[in-house]
Structures are given as C-alpha cells and as structure tokens.
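A.B. asks: All chains, please: the whole structure from these sequences, using the hints.
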Amino acid sequence: MWPPISIDKIELLILQAELTMDYKALNLWNLIKVTPHKWQEKSFGDDSGGFWVVALFGNQIIYYNDIEEGFNISSFVIYGVIDQYDCNQSELTSPINYLVSQLSQIPDEII
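Just so you know, we're using the working numbering here: the sequence shown kicks off at 21 and counts up by one.
Just so you know, these hints were derived from the structure itself, not from any lab.
Possibly wrong hints are sitting among the right ones.
Listed next, with one range per pair, are the computed distances between beta-carbon atoms [stated by the list, open to error]:
no.	residue 1	residue 2	range
1	Gly69	Pro127	39 to 45 Å
2	Thr55	Glu111	15 to 21 Å
3	Asp42	Trp22	20 to 26 Å
4	Trp22	Asn50	29 to 35 Å
5	Pro23	Asn108	27 to 33 Å
6	Pro127	Leu35	24 to 30 Å
Note that CB positions come from ideal geometry on N, CA and C, so glycine has one too.
C.D. replies: Written out as structure tokens, the structure is:
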C-alpha cells in the first residue's frame with residue numbers, strides 16, 4: 021500500500037493552485053470547492069480509506085488520486101462514492117480549466 025496523502029498536503033496543493041488560477045478559474049473554483057473529505061472508490065481507493073474530494077459540480081467531483089499524485093474529474097450517483105477511477109497526474113488547475121472551457125461553450129441565452 022502507498023502512503024495516503026495528508027489533509028495538510030492536500031490543502032497546500034490547493035493553495036498553490038489558487039495562486040496560479042486566472043480570474044475565471046478562480047471564480048468557478050470558489051463556487052464549487054468544498055472542505056476536502058474522503059470518498060470511497062472501489063477499484064483502488066479502499067486501501068487508503070478513499071480519495072480526497074475537493075470540489076462538487078453538479079453530478080461531478082474533482083478528487084485527488086494519491087496513487088498517481090494528481091487531480092481527476094469523476095461523475096457520481098451516490099454521494100460519497102467515486103464512480104470513475106482516473107489516473108491523471110494533473111495539477112488542480114487542469115480539471116478546473118476543463119470545466120471553465122465546458123461552461124464557455126454554453127450560449128449566453130441559455131445562461
């Protein structure tokens with residue numbers, strides 16, 4: 021088993037990412053961020069007590085995969101359970117920027 025990342029290190033990664041976000045990313049981040057808490061993931065997460073979820077956006081979450089050391093997006097149906105295991109080694113800014121780009125594709129008249 022790998023050593024699970026601590027809450028202190030998660031918070032440090034978040035702070036470092038916040039310092040590099042542009043205003044659109046930071047605005048979205050401030051709307052969707054949550055206090056980091058662990059969610060279950062059946063494929064690989066059970067050994068460490070789950071993975072840290074740092075944001076909720078509709079039926080999607082951003083979580084930190086401490087096996088691969090990166091942030092990922094997953095959908096969920098049941099609150100507290102990660103549906104999709106991903107192994108990206110991304111900084112937090114990557115999934116945030118992805119969501120910003122998805123939102124920018126919505127026509128203004130719909131928003």
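A.B. asks: Flag every earlier hint the structure violates by its number, smallest first.
C.D. replies: 3, 5 and 6
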